[in-house]
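Going down the list, the protein sequences come from chains A and B. Each residue of the first sequence is one higher than the one before, starting from 1 at the first, in the numbering used here. Each residue of the second sequence is one higher than the one before, starting from 1 at the first, in the numbering used here.
Honestly, I wouldn't trust all of these hints.
[Unchecked claim] Cβ-Cβ distance ranges computed for the label pairs, FRET-style:
| id | chain 1 | residue 1 | chain 2 | residue 2 | range |
| --- | --- | --- | --- | --- | --- |
| 1 | A | S81 | B | F218 | 52 to 62 Å |
| 2 | A | E127 | B | R188 | 42 to 52 Å |
| 3 | B | L201 | A | L20 | 26 to 36 Å |
| 4 | A | L12 | B | I146 | 32 to 42 Å |
[What the hints assert, rightly or not] Here are the computed lysine to aspartate or glutamate pairs in the EDC-like style, where the Cα-Cα straight-line distance is at most 20 Å:
| id | chain 1 | residue 1 | chain 2 | residue 2 |
| --- | --- | --- | --- | --- |
| 5 | A | K24 | B | E269 |
| 6 | B | K232 | B | D215 |
| 7 | B | K207 | B | D111 |
| 8 | A | K25 | A | D114 |
| 9 | B | K65 | B | E269 |
| 10 | A | K25 | B | D111 |
| 11 | B | K199 | A | D114 |
| 12 | A | K128 | A | E57 |
| 13 | A | K24 | A | E11 |
[Claimed, not checked] What the simulated footprint calls covered on chain B by chain A, stretch by stretch (three residues with Cβ under 8 Å from a Cβ of chain A suffice, anywhere in the stretch; the number is not a length):
| id | stretch |
| --- | --- |
| 14 | 126-139 |
| 15 | 271-285 |
Simulated from the structure, these hints should not be mistaken for lab results. Remember, it's a predicted structure, so these values are computed and weren't measured experimentally. For each residue, glycine too, the CB sits at the ideal point set by N, CA and C.
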Amino acid sequence: MIDQPRTGIGELPFASMGDLGLDKKRVTQCALSRICGVCAQSLDRPVAFVGSGEELERNAFHFPPTHRACAEHALEHWAPSWSASLGHPSQPESWVMVTTSGFEFVRQNADAADRRPVFSPNSILEEKRTPALRST
Amino acid sequence: MAIADVKEYTHLSPEEVEELGRELDQIRADIEESRNSDDAAYINRMITIQRRLATAGRITLFASKWKPAFFAGAAMLGVAKILENMEIGHNVMHGQWDWMNDPEIHSSTWDWDTAQPAEQWKHSHNYVHHQFTNVLGHDNDIGYGILRMAREQKWNVFNLGQPIYNALLASLFQWGVALHDLDIESIRKMEKDPEVMKKQLKQIGVKVRRQVGKDYIFFPLLTGPAAIQTAKANALANLTRNLWSYMIIFCGHFPDGALHFSEEEIEDETRAEWYLRQMLGSANFTGSRTLHIMSGNLGYQIEHHLFPDLPSNRYEEISNRVRPLCEKYGVPYTTGPLHRQYGQALRTIMKLSLPNKFTKPARHDSADSVEVPRGRKKDSERPTRRTETGTWTSRASA
Ligand SMILES: [Zn+2]
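Taking the hints into account, I'd like the entire structure generated from these sequences.
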């Protein structure tokens, strides 16, 4: 059964457990069912990823794919004050949003320090960086 | 029993498992880096061939009152539907071609020529089946909720009818698949979220209307006086596609040698362990290039399960590297001619219609002591946390 009854954007991203970070099971579900990590509905083209500048440099995002509008919503509502809900225990130096047509879903190996799976966009269309807004 | 205890590779140390994983990673990286315009040309050519065949079939059916045209039209349309479902739709919806950045050939926009809505397929197949491959109680593709396919599944008097249900499932495959993600058992038990059910039923309704409208109303009426014959030919094309796709899909995980696993936990499975489970749970079949294309390259089921989102036209090349790796590490690589693989799946269906005490376990079977309850897991019931007491139990199919 599809565990995605909601039709809009909730208090929390679909793939998130809030302060506890990302819900690994839902991250995998988003990756394979190709649904949005924010609103849980089928993805569109292009696919967007939200993350830190560092994730962009490594081309390895932790937060699952989203709609473009959902990525913007995440950057506006959760990124500035609740980075944990997007899978970042502390506020990153900068936030980015990229859009891509496709991505690879990469599970981690036993020797990885961080065992969370990552996403590597493989056909980037657009890249937007914003300095992190630190809330105190 | 932990995945490391599965007897097929207990000889591998954890380091060797990780080493095998790294070798498979290298294959993946090589293919990702070498995807190019030849691959793009391949899928575009497939789509062109498929569309021409469908058009030729539909045009031929204008003469469907004449027997040879009836059969020629039905055959062309049947082949077109098989190509669309197997080599194009299934693979596009896995995201195998998303890297091309083609607005039309994309996992989020493709809808295929069959009754199941794409979104529900991406849930039941891409996620549930590919993530929980052959895990009893999780992978709903094990017998499609109708057939008992593993000795660990509790026998019920209802199972005596398996030969009949199997024939029905094969001929009505597209409708069985259409209702697959709906999970009728959970509706019967009143456990289904009404909001989700409403959404799914609406999607299925729209899709069924479109499929029935196309094959049994619009195109038949277009052929005027031949309408009834055309509708019959379309039904024949759909039946052909149903039987073929049923057979290919049953060859993927039910021949002897494809292992079943019984739960616990997979979230913390490493990539290498995940690769191993995919290899041990899948079975290939051998055949000509044309047979492989007509099967959506699912004759390379092992390669497809290792790399579900790499382009299908590369699976042959990948298999030429995966098979030697299996030999090197002593991991079974289950394959054989199509008729033998399907024969084994069919034998399991027949055999498991009877209680375990009447039949002998096959070579791979372990004890019959573990029983898995009927019914499906909800997404919210899927495992999340690793427990120290182990991960997988391996049981082979009968
Ligand atoms: Zn969304």
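Now the hints, each set against the structure:
no.	hint	in the structure
1	A:S81 / B:F218: 52 to 62 Å	holds, 54 Å
2	A:E127 / B:R188: 42 to 52 Å	holds, 49 Å
3	B:L201 / A:L20: 26 to 36 Å	holds, 34 Å
4	A:L12 / B:I146: 32 to 42 Å	holds, 38 Å
5	A:K24 / B:E269	holds, 12 Å
6	B:K232 / B:D215	holds, 9 Å
7	B:K207 / B:D111	holds, 10 Å
8	A:K25 / A:D114	holds, 16 Å
9	B:K65 / B:E269	violated, 58 Å
10	A:K25 / B:D111	violated, 26 Å
11	B:K199 / A:D114	violated, 37 Å
12	A:K128 / A:E57	holds, 13 Å
13	A:K24 / A:E11	holds, 18 Å
14	126-139	holds (count 4)
15	271-285	holds (count 3)
The earlier numbered hints that this structure contradicts are 9, 10, 11.
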